[in-house]
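Colleague: In order, the protein sequences belong to chains A and B. Here the first sequence is numbered in my numbering, starting from 203 and rising by one per residue. Here the second sequence is numbered in my numbering, starting from 2 and rising by one per residue.
For the record, the hints were derived by calculation from the structure and aren't laboratory data. One should not assume that every hint holds.
As the list claims (entries may be wrong) - Chain A is faced by these chain B residues, among others (derived, beta-carbon under 8 Å):
#1 Leu31
#2 Leu34
#3 Val157
#4 Arg158
#5 Asn160
#6 Lys175
#7 Val176
#8 Glu214
#9 Arg217
#10 Asp271
#11 Arg272
#12 Val317
#13 Gly320
All figures in this text were calculated on a predicted structure; none of them were measured in a lab. Just so it is clear, CB atoms sit at the ideal spot from N, CA and C, and this is done for glycine as well.
What follows is each chain in one-letter form.
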Amino acid sequence: MKRIGIDVGGTNTDAVLIDGDKITASIKVPTTQDVMSGVKSALAHVAAHIGDTPRPLDAVMIGTTHFTNAVVERARLERVAAIRIALPTGASLPPMCDWPEDLYRAVDPMIFMVHGGHEYDGSPLVQMREDEIREAAMKIRDAGVTSVAISATFSPLTTECEDRAAEIVRSIIPEARITLSNSLGRIGLLERENVALLNASLQSLGRTTVQAFKTALAEIGLDAPFFLTQNDGTVALADVAAANPVFSFASGPTNSMRGAAFLTGLDDAMVVDVGGTTSDIGCLIGGFPREANNIVHIGGVRTLFRMPDLLPIALGGGTVVDPETGAIGPRSVGYRILHEARVFGGQTLTTSDIAVAAGMIEMGDPSLVRDLDPTFVHDTLARMRAMVAENFDQMKTSAEDVPLIAVGGGAFLIPDEVPGASEVLRVENAGVANALGAAMAQVSGEVDQVFSDMSREQALAAAETEARAAAVAAGADAGSLKVLEVEDIPIAYLPGGARRVRVRVIGDISFG
Amino acid sequence: MLQEFPEENIEALATGAWILGTGGGGNPYLSTLNLRRLYAEGARIQILQPDELEDDDMVAVVSGMGAPLVGQERLKDPRHMARAVELMEDYLGRPFRAIMALEIGGANALSPFLAAALLGRPVVNADCMGRAYPEAQMTSFAIGGLSMFPLSLVDVRDNEVIVTRAESWKWMEKVSRAVCTAVGSTAATCKAPRTGREVKDWGIHDTITQATELGRVVLEARARHDDPVAAVLDHAKGKQIFRGKIVDVDRTTTGGFLRGKTVIEGIDADRGATLELAFQNEWAVAFRNGEPVAMTPDLLCLLDSVSGSAIGTESVRYGQRVSVVALPAPEILTTPAGVAAVGPRAFGYDIDFKSVFK
């Protein structure tokens, strides 16, 4: 199995070539203004090592922050139309009613609410009004809007309304790109609809980004199938992924965690990824990041969908230390560390300066921090250690000690001993952990539904069957599938022993 | 004298109400959004003190009923809450002077505001739980032996029901719950109307103000980077029961309740100890190393140790840093009749009620 993995981050673009589980070539280049020239030079470097072996390249896996950045910057987004099938419920809280104003303006939505939807038990809420959907579609067409998000009450349980509405919209706007909320989100109409609308606003960018990657690959002369990495540590074929940009939002931290798993050979561990401004602590279970099962804000929008469970800490290599009190952060000099940190001749005391003074790392000019009081350095380090320890403990899923893997440019800030950690591991090649994580990605299938009138065992079995089918549909090899996560919650007040079951399975990509 | 409820108090009320929800009552987020939108459209709520009611004034007692999960899909619309009130007025043939909350805990603290904004009536500064409880007989009006009927229930699909009589509060709970389930486990309800005299005698007074002030101290402490939990304890004269980390959550549904327990491992002063918080929709009893140390009707609140935000029984998860705080219960709930209605035995725990404040 020969693969190239690329991770396009805010600062660096990493690429690796792997053969089986061996790293054949790797490179790190600065991310360029136009992004693609950096990608091309990284690709060209590793592609040169593919060599003359008869076995061709199997796949190229790309992780990118393009889509997250667009939402955060409120740029490169397109006008969307929202059709919500939920009347007579919810009229007072229309789609996007809780979005930040600047993002709302950037997306400039057309909003329609129509009659229909379902109940928690799958029965219709009211008869769906197809005429209302048709009328909305005609207005959308007349306005020249082509990206449409469709949501309906309890659509994760039954997709009937959203599916039928999509047919109607497509019959009126054949070129429409339609996002169905049930394909992205979970129970929680507003949050699921928000995900669908974010996704709709990124359709054009998804297409142009994938096209640009395709052109780059063609120019290097690579014609292997190409995938985009997803929030959950899996991949989707690029053309499929282009339709669901929201599933790439957290691919950076996810790839870094997956890469850490690969580099250490540990499938169950905690990972701390230390950047310039913040660190993220995550939890690897069976080689995959544990999923967040709670609200995640993206660009100020509440969402609830497949995202890794990450705990951000305001501790990075550029985090500012108050020279009087020793207080750490939350301010950071970020990428300006090379000018502003004391060891680089700047005026600002940072965590990196403390680390240099303590002899934990060599960088810059150590003589520039020699004046620091050793007691001050010692106390500041102790506070950093406490920050890491407390957040680490919060993310742990059991009371037993577990290994902690430190990756990222600021990994030297993580002490060798952390309470609750059986060991602290550092890895070589940590700099390209992200690209490695991308190269190693697999395919998953998930189901999250309310089951009633059956036993717990029956409900779990039914959910697993559906999750397996979803994974195969996404391109997994059925024989390689294994269950990654099972979770069930009984639902208060509902009759019939209703429980919400979430099952996720994962497997290797089926080639051919 | 009527007093306007300013817009900037909405977040404070929601924050405080979620704490007083003692783990249940539903997250007030969607209700908060609704109320903000009504204010943006020009609505303003007037608050009426209970002692300003005339004895023969009629007061509507409103609440959203049903499963919180259904409420996340079938989003609440203020018009239905208002309709439940109008339906009751039609039935009674008399207008309501004002509207009050059934429970100040959770999303229902805002329910009277939503109806009041559309109907142009004031909201009474009172409720009949002083917190959140799951069933109709667990109110100060039930403890006072007041009438439990009629009740109006409104479904979004133009289904409207009036329960004209019920044999007891428990029967009212049973019958209205069955109707609620039939319409999809969510409905707007207007409970048995109260006279001004009844609200003055049996209502739990000043709870809108209490919830708002409680929320305000949390928001202010957070903004100052002070300890919001300490602010809650100080402001509400509460007692810290435990501080620790969630290490286990076990949930089951029986008899229409979300039951279960969550286990907290102690840190700081509680290091080495374990607290088990048993819940039935709301936090009911706290067992320290197996011994009951705090229980309903004292308010057991599970707060995020850093933000001071309340954590619900449906959303508590492993690893959260939490503080368990007890707040004093309204006096009426600690009387013998109150303890019979909402004490530990009402939730199936064979324990004598002992307040942490006595």
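Colleague: Taking the hints in turn, state whether each one holds.
Modeller: Evaluation of the provided hints:
1. Leu31: Where the cut-off is 8 Å and the nearest Cβ of chain A is about 7 Å from leucine 31/B, the hint holds.
2. Leu34: holds (6 Å)
3. Val157: holds (4 Å)
4. Arg158: holds (6 Å)
5. Asn160: Since the shortest Cβ distance to chain A is 11 Å, the answer is violated.
6. Lys175: With a minimum Cβ separation of about 13 Å from chain A (threshold 8 Å), the hint on lysine 175/B is violated.
7. Val176: Violated: closest Cβ of chain A sits about 15 Å from valine 176/B, beyond 8 Å.
8. Glu214: At 26 Å from the nearest chain A Cβ, glutamate 214/B fails the 8 Å test, so the hint is violated.
9. Arg217: Arginine 217/B check fails; min Cβ-Cβ to chain A is 22 Å, beyond 8 Å.
10. Asp271: Nearest chain A Cβ about 15 Å off; hint violated.
11. Arg272: The hint is violated - arginine 272/B has no Cβ within 8 Å of chain A, the shortest such distance being about 12 Å.
12. Val317: At 11 Å from the nearest chain A Cβ, valine 317/B fails the 8 Å test, so the hint is violated.
13. Gly320: Check passed: Cβ of glycine 320/B comes within 5 Å of chain A, closer than 8 Å.
The structure is inconsistent with the numbered hints 5, 6, 7, 8, 9, 10, 11, 12, although it conforms to all the rest.
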